[in-house]
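Protein chains in written order, with my numbering: chain A, 6 to 415; chain B, -9 to 264.
Watch out, some of these pointers could steer you wrong.
[Stated by the list, open to error] In silico SDA-like pairs for lysine to any residue, Cα to Cα no more than 20 Å straight-line:
1) B:Lys52 to A:Asp77
2) B:Lys52 to A:Glu62
3) B:Lys52 to A:Val82
4) A:Lys366 to A:Asn141
5) B:Lys52 to A:Phe210
6) B:Lys52 to A:Ile71
7) B:Lys52 to A:Trp147
8) B:Lys92 to B:Pro102
9) B:Lys52 to A:Asn141
10) B:Lys52 to A:Ser68
11) B:Lys52 to A:Tyr66
12) A:Lys366 to A:Trp147
13) A:Lys366 to A:Asn381
14) B:Lys52 to B:Arg209
15) A:Lys366 to A:Leu338
16) B:Lys52 to A:Asn297
17) B:Lys92 to B:Ala80
18) B:Lys52 to A:Ala244
19) B:Lys92 to B:Ile104
20) B:Lys52 to A:Glu377
No lab work stands behind these hints: they were computed from the structure.
As the structure is a computational prediction, the values presented were derived from the model and not from experiment.
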Amino acid sequence: MTGFCTFLACATLALLLPSKLVAGTTDDALLQMGWDEIVELARGGEVNWFMWGGSDEINQYVSDYIGGLLRDRYDIVLNRVGVSDTVEVVNLVLGEREAGNLDDGAVDLMWINGENFRTMLQGDLVFCGYPDLLPNNVLVDWDNPAIANDFGVPVNGCEVPWSTAQFAFAHNTALVAQPPRSIPELLVWIRENPGLFTYPAPPDFNGSVFVRHVFYHAAGGVETLPDAFDQTRFDDVAARTWRILNGIEPSLWREGQTYPATIAALDQLYANQEVAITFNYEPATIGIGIENGSLPPTTQGYAMTDGTIGNTNYTLIPFNSPNKAAAMVLQNLLLSPEAQIEKAQPGVWGAQPGIDMTQVKGPLRAAFDATERHPNVVPVEDLAETVLPELQAAWITAIEQGWIAHVGNN
Amino acid sequence: MIGGDGIWARWFRTLTCLFLLVWLSLPMVPLAIWSFAHGWFFPDILPQEWTLEAWRHALSDKSGVLDALWLTVGIALAATALSILIGVPAGRALGMHRFRGKAVVEIMIMAPIIVPGIAVVLGLHSVFIWMGLTNTVSGVILVHLIPTLPYVILVMAGVFANHDPAFEAQARSLGASAFQTFRCVTLPAILPGIIVGALFAFLVSWSQYILTLIIGGGRVATLPLVLFNFATSGRNDLTGAIGMLYILPGLLILLITARQLSGCAGAVGGLGRV
């Protein structure tokens, strides 16, 4: 037993020593540096990017395309770490802080937005104040409130936008020729077509967005809701929302006795024609799903005439990342027009840019304008007509918990 | 007493064997089909379009699936070796000796089987951070010992409980060194136990998810982690291909060790006589 303990002690020492030597640059010193100095500091290093890993198309874009550029131009090794849910990464960083790991964390960059961003901020887990140092930051339209606020929380130099997304529906043209094109129409359609619709139970990301659309409808429009959380207004609108959702419940798939737990489960029901409509916060998923065989080719994405909710997703550097310079070089590369255009290609991913493409000129702009959407994915123009804002995280949490108490467990 | 069995007993054996085979292999059929399917939707009995795309992806050096496979093999082998190294002496102490507090020690050893890993993993995470072992392969190997050791120790304690130390004493009295005694007397006697214990340890380590995820910090990407990524995102084709790869080593080990253990009918030997 003593031998084993000695082994542990030695292993501990061996692992602790080099990290103390590497973490030589303080955050303050880094923020004083010029971009060239940061690039030189990052050169030859590595960066560990934790992100949702369930799409091999996104994985390939990140590992091959981005990883390749990072290696060729900066000699930086990109380790893409796939997770099933970003909250796992939040908990990982939180655990490190609690255990006193303040400068040698596992995570250098994470793909994030919304509630997870709020949790990271509340836990004081975020490295902030650097985006101005990134040369490509000039392409970010920080005057756009949808970029400068992540689900109502001011970004304040703590995140860098990566992509924008807007909720879209999709229907199986083999089952439904004319899908309902507004939330009120959808609610009527559900009653007239029992069993052909359901939604993932919140707090599933996509299920939660669907419930928010109904919440906006019950409120008489998102513009009637104050920015800051208001309990009386919430109670009033929530009561109406639960009445609507409980009202359609008998007409849902399996009479609403159960809800799919995840968007993947809903897509599976949809693919097997149990339901006729699905939806996604990333409309390009429809094209990718058709191409990789997880969705039927008769799927067509469409927009709602009364608008759908849009958001921006970001990358974030945790406070205890040991490779902040390399993470910043990676973020700058992600913001570059060429990387954003590649990401927007339908065969690659189809995600909409996080930068303002009107700032981009010349052949790159022409290349972007020539980008075609997958024919079955809803056209960007259709969606852009009415983009609804996201609510602040406090509203979202209240709606999710209210749904579980009054609809899910009812 | 095989020769004395009646026709019904033989029929019964054949039927149970067939039942077991079907029961074990049936869940793998949809996995196997999905791994070659390009879309497979109700009401089609079989996919309309077949493809090798999922396998091409799983076996390409870009997807990281093969890296994960080798890493998982390495971790499971290391955890198995360490479990045997610790488990054999521990099993001998528990199986052959009576000492004060033995019941407490036995309960402590059983504890990881009784207490689910997910309940203690956050506490373990703190301890491992404190020791500087998080996000490393060695940390993951060490944490795998927690669920693997109880199986090895229990198996070895059982083996040693039936082990007669008089044989060892005899060898020593005839002039064998301690090492010779172990190699020529003790080891052959306990080898089947070691194989069973190693098999358990390997398979338990092989199937760890939450301990690997938390202690490895996602950086130690073993095959179950990669598999879970695709399984939760609804990519049935990739899940099928990676799932088949994931099953393979367990199956191989079972077949190999079944021959080794064939005191009575092993998984393969039994089939041979049907």
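Hints, one by one, checked against the model:
1. Between B:Lys52 and A:Asp77 the CA atoms are separated by roughly 17 Å; this keeps the pair inside 20 Å, and the hint holds.
2. Distance check on the hinted pair: B:Lys52 and A:Glu62 sit about 12 Å apart at the alpha-carbon level, within 20 Å; holds.
3. Of the supplied pair hints, the one linking B:Lys52 and A:Val82 holds, its CA atoms being roughly 14 Å apart against a limit of 20 Å.
4. About 14 Å separates the Cα atoms of A:Lys366 and A:Asn141, which keeps this hinted pair within 20 Å; it holds.
5. For the hint linking B:Lys52 to A:Phe210, the alpha-carbon distance of about 29 Å lies beyond 20 Å, and the restraint is violated.
6. For the hint pairing B:Lys52 with A:Ile71, the CA-to-CA distance comes to about 13 Å; that is within 20 Å, so the pair holds.
7. At roughly 36 Å between alpha-carbon atoms, B:Lys52 and A:Trp147 are farther apart than 20 Å, so this suggested pair is violated.
8. The straight-line distance between the Cα atoms of B:Lys92 and B:Pro102 is roughly 17 Å, inside the 20 Å bound, and the hint therefore holds.
9. Of the pairs offered as hints, the one joining B:Lys52 and A:Asn141 is violated, with about 29 Å between alpha carbons and a cut-off of 20 Å exceeded.
10. About 8 Å separates the Cα atoms of B:Lys52 and A:Ser68, which keeps this hinted pair within 20 Å; it holds.
11. Proposed proximity of B:Lys52 and A:Tyr66 is supported: the alpha carbons are some 11 Å apart, at most 20 Å.
12. Proposed proximity of A:Lys366 and A:Trp147 is supported: the alpha carbons are some 19 Å apart, at most 20 Å.
13. The straight-line distance between the Cα atoms of A:Lys366 and A:Asn381 is roughly 29 Å, outside the 20 Å bound, and the hint therefore fails.
14. Among the hinted pairs, B:Lys52 with B:Arg209 is consistent with the structure: their alpha-carbon atoms are about 17 Å apart, no more than 20 Å.
15. Taking the CA atoms of A:Lys366 and A:Leu338, the gap is about 18 Å. The hint holds against a cut of 20 Å.
16. Under the criterion of a C-alpha separation no larger than 20 Å, the hint pairing B:Lys52 with A:Asn297 is consistent with the structure, at around 18 Å.
17. Between B:Lys92 and B:Ala80 the alpha-carbon distance is near 11 Å, which keeps this suggested pair within the 20 Å criterion.
18. As the CA atoms of B:Lys52 and A:Ala244 are separated by approximately 51 Å, the hinted pair breaks the 20 Å bound.
19. About 18 Å separates the Cα atoms of B:Lys92 and B:Ile104, which keeps this hinted pair within 20 Å; it holds.
20. Between the alpha carbons of B:Lys52 and A:Glu377 the distance comes to roughly 27 Å, so the proposed pair goes past 20 Å and is violated.
Against the hints set out earlier in the document, violations occur for numbers 5, 7, 9, 13, 18, 20.
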